[in-house]
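Chemist: One-letter residues, chain by chain:
2 protein chains.
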Amino acid sequence: MSRKKTQSPLLIERILTGDKIAVSKAMSLIENDDPEAHSILDSIYDKTGKALRLGITGPPGVGKSTLLCELTLCIRKENEPVGIIAVDPSSYITGGALLGDRIRMQKIATDDGTFIRSMATRGNLGGLARTTFEIADLLDASGKKYILIETVGVGQSEVDIVNTCDITAVVLSPESGDSIQAMKSGLMEAADIVIINKKDRPGAEKLENELRSTFELRTGTSVRVPILKTNALLSEGIPAVLSEVKGIFSDMRKNGSLARRRRNNLKTKLCSLLQYNFLKAIKLSQKADRQMECLAEDVLCGKNTPYSDLDSLMVKFL
Amino acid sequence: MSRKKTQSPLLIERILTGDKIAVSKAMSLIENDDPEAHSILDSIYDKTGKALRLGITGPPGVGKSTLLCELTLCIRKENEPVGIIAVDPSSYITGGALLGDRIRMQKIATDDGTFIRSMATRGNLGGLARTTFEIADLLDASGKKYILIETVGVGQSEVDIVNTCDITAVVLSPESGDSIQAMKSGLMEAADIVIINKKDRPGAEKLENELRSTFELRTGTSVRVPILKTNALLSEGIPAVLSEVKGIFSDMRKNGSLARRRRNNLKTKLCSLLQYNFLKAIKLSQKADRQMECLAEDVLCGKNTPYSDLDSLMVKFL
Chain Y
3 MSRKKTQSPL
13 LIERILTGDK
23 IAVSKAMSLI
33 ENDDPEAHSI
43 LDSIYDKTGK
53 ALRLGITGPP
63 GVGKSTLLCE
73 LTLCIRKENE
83 PVGIIAVDPS
93 SYITGGALLG
103 DRIRMQKIAT
113 DDGTFIRSMA
123 TRGNLGGLAR
133 TTFEIADLLD
143 ASGKKYILIE
153 TVGVGQSEVD
163 IVNTCDITAV
173 VLSPESGDSI
183 QAMKSGLMEA
193 ADIVIINKKD
203 RPGAEKLENE
213 LRSTFELRTG
223 TSVRVPILKT
233 NALLSEGIPA
243 VLSEVKGIFS
253 DMRKNGSLAR
263 RRRNNLKTKL
273 CSLLQYNFLK
283 AIKLSQKADR
293 QMECLAEDVL
303 CGKNTPYSDL
313 DSLMVKFL
Chain P
3 MSRKKTQSPL
13 LIERILTGDK
23 IAVSKAMSLI
33 ENDDPEAHSI
43 LDSIYDKTGK
53 ALRLGITGPP
63 GVGKSTLLCE
73 LTLCIRKENE
83 PVGIIAVDPS
93 SYITGGALLG
103 DRIRMQKIAT
113 DDGTFIRSMA
123 TRGNLGGLAR
133 TTFEIADLLD
143 ASGKKYILIE
153 TVGVGQSEVD
163 IVNTCDITAV
173 VLSPESGDSI
183 QAMKSGLMEA
193 ADIVIINKKD
203 RPGAEKLENE
213 LRSTFELRTG
223 TSVRVPILKT
233 NALLSEGIPA
243 VLSEVKGIFS
253 DMRKNGSLAR
263 RRRNNLKTKL
273 CSLLQYNFLK
283 AIKLSQKADR
293 QMECLAEDVL
303 CGKNTPYSDL
313 DSLMVKFL
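From first to last, the protein sequence lines stand for chains Y and P. Residue numbers for the first sequence follow the working numbering, so the first one is 3 and each next one is one higher. Residue numbers for the second sequence follow the working numbering, so the first one is 3 and each next one is one higher.
One or more hints might be untrue.
Because identical chains share one entry, a pair is satisfied inside a single copy or across any pair of copies.
As the list claims (entries may be wrong) - With a cut-off of at most 25 angstroms between alpha-carbon atoms, the simulated BS3-like pairs for lysine-lysine come out as follows:
no.	residue 1	residue 2
1	Lys-49	Lys-22
2	Lys-282	Lys-231
3	Lys-231	Lys-49
4	Lys-208	Lys-282
5	Lys-269	Lys-79
6	Lys-305	Lys-231
7	Lys-282	Lys-52
8	Lys-305	Lys-269
9	Lys-269	Lys-282
10	Lys-147	Lys-289
11	Lys-305	Lys-52
12	Lys-289	Lys-49
13	Lys-208	Lys-79
14	Lys-269	Lys-231
15	Lys-282	Lys-248
16	Lys-22	Lys-231
17	Lys-248	Lys-289
Derived by calculation from the structure, the hints in this document are not laboratory data.
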């Protein structure tokens, strides 16, 4: 195996033992796109693959953060270490307006077996998906048994992120009417499990029935998508979710679908890395920047349009 | 000027006269990434640049859609045609749960001078930003004087989209506590105008004062960021917003900053188009797909890691 030499063998050693400070440091290197980040990731890559990566997505306001907190507490009762990546930047900081959530988060944040990273970064060269799965790899290598990745199921990059997980949980709430939107948007097609949170609110049964008939109508799906009901604020239904997720994971491992999915996810990741590298090349190299200036100039003086001939533009860059 | 021949000179003619059906058809071609779309965009490109492109962004629930509707009605009173691109898929479909919004939307939807496109597409090869500005170019060429682009200020791609507008309006509400998050996230740095909606709620004054002191603390900004207060549900404060936006636009035109910003936006667009083209090449070509399979295989059998050597991976692809 070809490994580049890293400057920090000690840092790597500490990451692999789950040292919080070392993991934090490596995360900052990843987020800052420090050249050392890739050499660290390269070195620890063969220690990844042990964690269950669960994507938790859904429309804003359905209670994803609360559910994620409760799920974490539930996993921690079994003494398994958990890594949390919150890609929705609004959830922890403004969502923290709910006192209950704050208390929950504090309980988690001070726990040594849990690592929380809130991804508030943006505008970083379209690299949010990249950063997220790199951080997931880091948490995985650091010994976390569960990696929970929360995204609001609205933006495209957020959905892309969830699609790099082993299992995707879509969270809905009865009142929101978001189920229709979720189905239209393709979010439901990615769902391995659906959680109806706020189950005490009117319409929970109706939503469940709607979802069941939709899933039944799907042609060509032999896989049953479980629908579970929770009330995360009251900690109701959480152990059932965890047990279902574990069951799905274990089935996927046995029937080979986990390996297939991870292979596909790997291709997605490689694409994402290549794309990021390409974008970095066209945005950050001085030569490319000059060429971009020339292209822009051609458009501004009417010699060309941005739509003229993308293929020949590409050739100019490569 | 080199123009590729398009199959639909009639379609182009109809687009340029603002024919709704022709514009819709072209939008579908763009969204489906039909090869004809680029030849149409190429042909109409020299008719673009006349519209004022206003990006409207902010956290979920602050009332962006309502504000956008009211602003549209306000512009329509002056008889100017308006194009609306709603990138936040949840806003029009589920946000329509508010009866008031539905009535507003209907009023707009049946108006011949207004064109509304809701971008519910996702997962389309990272092309949401691309599709949005292509549709904005189309609306611009079709004679719309204002193009309003609404995105929820959460996802990265959404923020990228707003950054291709002439003017960015950030909408906040007093109660949400989102202002801190908005400032942290870099959303405020993009703001040309801040709108505090739901101004009758407690905390509006406080939020305004906080924002003013934050803006004053910014080093190196000679530009004053106006802060306006509205109550979109009661149609209060909307004409002032429109007048402020017009004033900013007119100032930007006079002092040359509009040309500078559009030049920068153009570079962003070109990058986005190139990136999209690159991604399409690595995702859709059979040869690239086989190569990606080989790369994935090398990683799976431990010969390589995804982080080994991106530059040499790049070379393999190009």
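Chemist: All hints, please: hold or fail.
Modeler: Verification of the hints:
Taking CA atoms no more than 25 angstroms apart as the test, Lys-49 paired with Lys-22 passes inside one copy only; the shortest distance there is 17 angstroms, against 56 angstroms between copies. For the homomeric pair Lys-282 and Lys-231, neither the shortest alpha-carbon distance inside one copy (44 angstroms) nor that between copies (40 angstroms) is at most 25 angstroms. Neither within a single protomer nor between protomers do Lys-231 and Lys-49 lie at most 25 angstroms apart by alpha-carbon distance, with minima of 35 angstroms and 54 angstroms respectively. Proximity of Lys-208 to Lys-282 under the C-alpha cut-off of 25 angstroms is found in neither arrangement, the shortest distances being 48 angstroms within a copy and 41 angstroms between copies.
For a Cα distance limit of 25 angstroms, the shortest separation of Lys-269 from Lys-79 qualifies neither inside one copy, at 35 angstroms, nor across copies, at 52 angstroms. Taking the shortest alpha-carbon separations for Lys-305 and Lys-231, neither the intra-copy value of 60 angstroms nor the inter-copy value of 44 angstroms comes in at or below 25 angstroms. In this assembly of identical chains, Lys-282 and Lys-52 lie within 25 angstroms of each other by CA distance neither inside one copy nor across copies; the values are 31 angstroms within and 32 angstroms between. Taking CA atoms no more than 25 angstroms apart as the test, Lys-305 paired with Lys-269 passes between copies only; the shortest distance there is 16 angstroms, against 39 angstroms inside one copy.
For the identical chains of this complex, Lys-269 and Lys-282 are neighbours both inside a copy (20 angstroms) and across copies (14 angstroms), given an alpha-carbon limit of 25 angstroms. When the C-alpha separation of Lys-147 and Lys-289 is checked against a cutoff of 25 angstroms, the pair qualifies neither within a copy, at 45 angstroms, nor between copies, at 37 angstroms. For the homomeric pair Lys-305 and Lys-52, the shortest alpha-carbon distance between copies (19 angstroms) is at most 25 angstroms, but the shortest distance inside one copy (55 angstroms) is not. Within a single copy, Lys-289 and Lys-49 get their C-alpha atoms no closer than 38 angstroms, and across copies no closer than 31 angstroms, so neither meets the 25 angstroms cut-off.
In this assembly of identical chains, the alpha carbons of Lys-208 and Lys-79 never lie at most 25 angstroms apart, being 33 angstroms within a copy and 43 angstroms across copies at closest. For the identical chains of this complex, Lys-269 and Lys-231 are neighbours neither inside a copy (33 angstroms) nor across copies (48 angstroms), given an alpha-carbon limit of 25 angstroms. In the homo-oligomer, the alpha carbons of Lys-282 and Lys-248 never lie at most 25 angstroms apart, since the shortest distance is 39 angstroms inside one protomer and 36 angstroms across protomers. In this homomeric assembly, Lys-22 and Lys-231 never come within 25 angstroms of each other (Cα to Cα): the closest approach is 34 angstroms inside a single copy and 44 angstroms across copies.
In the homo-oligomer, the alpha carbons of Lys-248 and Lys-289 never lie at most 25 angstroms apart, since the shortest distance is 51 angstroms inside one protomer and 38 angstroms across protomers.
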